[in-house]
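Could you put the whole structure together from the sequences, leaning on the hints where they help?
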Amino acid sequence: MAQADAEARTVIMTVDDDPGVSRAVARDLRRRYGATYRIVRAESGESALDALRELKLRGDLVAVILADYRMPQMNGIEFLEQALDVYPGARRVLLTAYADTNAAIDAINVVDLDHYLLKPWDPPEEKLYPVLDDLLQAWRTGDHRPVPSTKVVGHRWSARSSEVREFLARNQVPYRWYSADEPEGRRLLSAAGQDGQRLPVVVTPDGTPLVEPEAPELAARVGLATTPTADFYDLVVIGGGPAGLGAAVYGASEGLRTVLVERSATGGQAGQSSRIENYLGFPDGVSGGQLTERARRQAAKFGAEILTAREVTGLEANGAARVVRFSDGSAIAAHSVILATGVSYRQLTAPGTEDLAGCGVFYGSALTEAASCQGHDVYIVGGANSARQAAMYLARGAKSVTLLVRGDSLAASMSYYLIQQIEETPNIRVRCSTVVESAHGDGHLERLTLRDAESGATELVDAQWLFVFIGAAPLTDWLDGTVLRDERGFILAGPDLTPDGRPPADWELDRPPYHLETSVPGVFVAGDARAEFSTRACPPTVPGAVLNPRPAEAGRFLAHAACGSAIRQVFHDQYQPG
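According to our numbering, the stretch in the sequence shown is residues 1 to 578, in order.
Treat the hints with care, since some could be wrong.
[Said to hold, decoys possible] Derived Cβ-Cβ restraints for the label pairs, each shown as a range: (1) D510 - R160: 46 to 56 Å; (2) Y416 - R187: 46 to 56 Å; (3) G223 - G20: 28 to 38 Å; (4) G319 - R156: 49 to 59 Å; (5) N318 - D510: 33 to 43 Å; (6) D133 - D231: 48 to 58 Å; (7) D442 - R160: 12 to 22 Å.
It is worth saying that the hints were derived from the structure and are not from the lab. Keep in mind the model is a prediction, meaning the values are calculated, not measured. All C-beta atoms in this analysis are idealised placements derived from N, C-alpha and C, irrespective of residue type, glycine included.
This is the structure:
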């Protein structure tokens, strides 16, 4: 009886823009599975995604999703790709015509498609039900118990509320947002014994209220690992971006006792990207969140520990050990350390922007704010690939998106295919030679003063949303005096340490530093924090190459995989796993 009750709350979803076909699929599904499963049908990808998100918030389960390939606005593959973010465990089926079988085969790699069915599927007893029976049986073998969601009560224009929502979303923690001004939000505040003066209030799945929680407390209370299980490891990876995740995968797969330490959320800047389209193997693109989650699961599968919301403040050599110190005074040690701390977006210096950060001014994509931008005018500062990806994502619902670019064109900083996409999107416009002079607002962003960089003329525009992508600074200040860095703070390694053929002054080993090794033996660097990596651009002999010191997100993933492979070989040559 308990199993029947559980299955009654489990959903089989069908999506088809043809009402007749949609009803026919739902009819056949109900005839076979209606007694034990709830059949939900939708007639567009957008409405189906809304339904999935609502089901997720209620804690309902979704076992199988069937989607028609030929749908306007969002085809079946695009829908299933986004549905994967909401219900990664659901089995995915694409309904296609015979002419679309190549697309269905491609979808096997793009969205981990489980099966595709040719229309028509009559008789269902032969062509539909056997497939669904197998998929449902495979789904039932996994553990798909609903995860109780976390509740967040806050204010729309609260910077801390925005930070908490972004932290939970990027760490794949399901949560539900309640405005403190709405009845349900007020009821939750009353139940927590709060008057709304201190926000946000986070109610954990067990019902515990947390008032203005800091990241370490929040992480621990929502089930994220924050404490290492050992005092000594073979490998400590500092930073959970693409480089760190790649290094953790390679280290753990070689049998090294590996722990990855991340101060916020895995994925780094790439994890915040709404769409990465030039990553090998994903011809229709993939979100940074999807790619990050797969990398995180892969590292965990090989046994790597992943610690979240732990800030590293010190690194020192103690004999053969490398000691990593945390902000709370605790420490762990290892044979070797990989610095994969990445970079952070530079801050605007225009008057008013600092006070309005998180209250209309956001650094990075801030995808949790996208829903609030529906029907509004949005401004984006930056002309590189990440700015374009945010523009395309926000343009789906925003009234207009304006890219503010300091240079005289996008060609010097953005990939050609991305420029073409922007030109083909009617509600995106580009203003070159334009900078933000100042930001204005009472409690939240209301207006921007824009200045023409050539003429000096200024213009005041209404604006509630400003997203900033203006280059990056390395997160290496805490390493000052420990490892050698260049004048911008990027970490020197390998050949960059021996420009005259001689090792650094304090180098004590007979051999020169390995290719990715820093000025401290046994401490390596990978990814955006590396000086050489940050300054070398595409060879000018490559046709169409663009000199760009900050490569696109997908390029970083590929480069970091190579870094991880090289580091793995270094460790393998140095010692056997302990």
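Quick rundown of the hints versus the structure:
1. D510 - R160: 46 to 56 Å: holds (52 Å)
2. Y416 - R187: 46 to 56 Å: At roughly 53 Å between Cβ atoms, R187 and Y416 fall inside 46 to 56 Å, so the hint holds.
3. G223 - G20: 28 to 38 Å: violated (45 Å)
4. G319 - R156: 49 to 59 Å: Hint holds: Cβ distance 53 Å, inside 49 to 59 Å.
5. N318 - D510: 33 to 43 Å: violated (21 Å)
6. D133 - D231: 48 to 58 Å: With Cβ atoms ~51 Å apart, the hint holds.
7. D442 - R160: 12 to 22 Å: With Cβ atoms ~18 Å apart, the hint holds.
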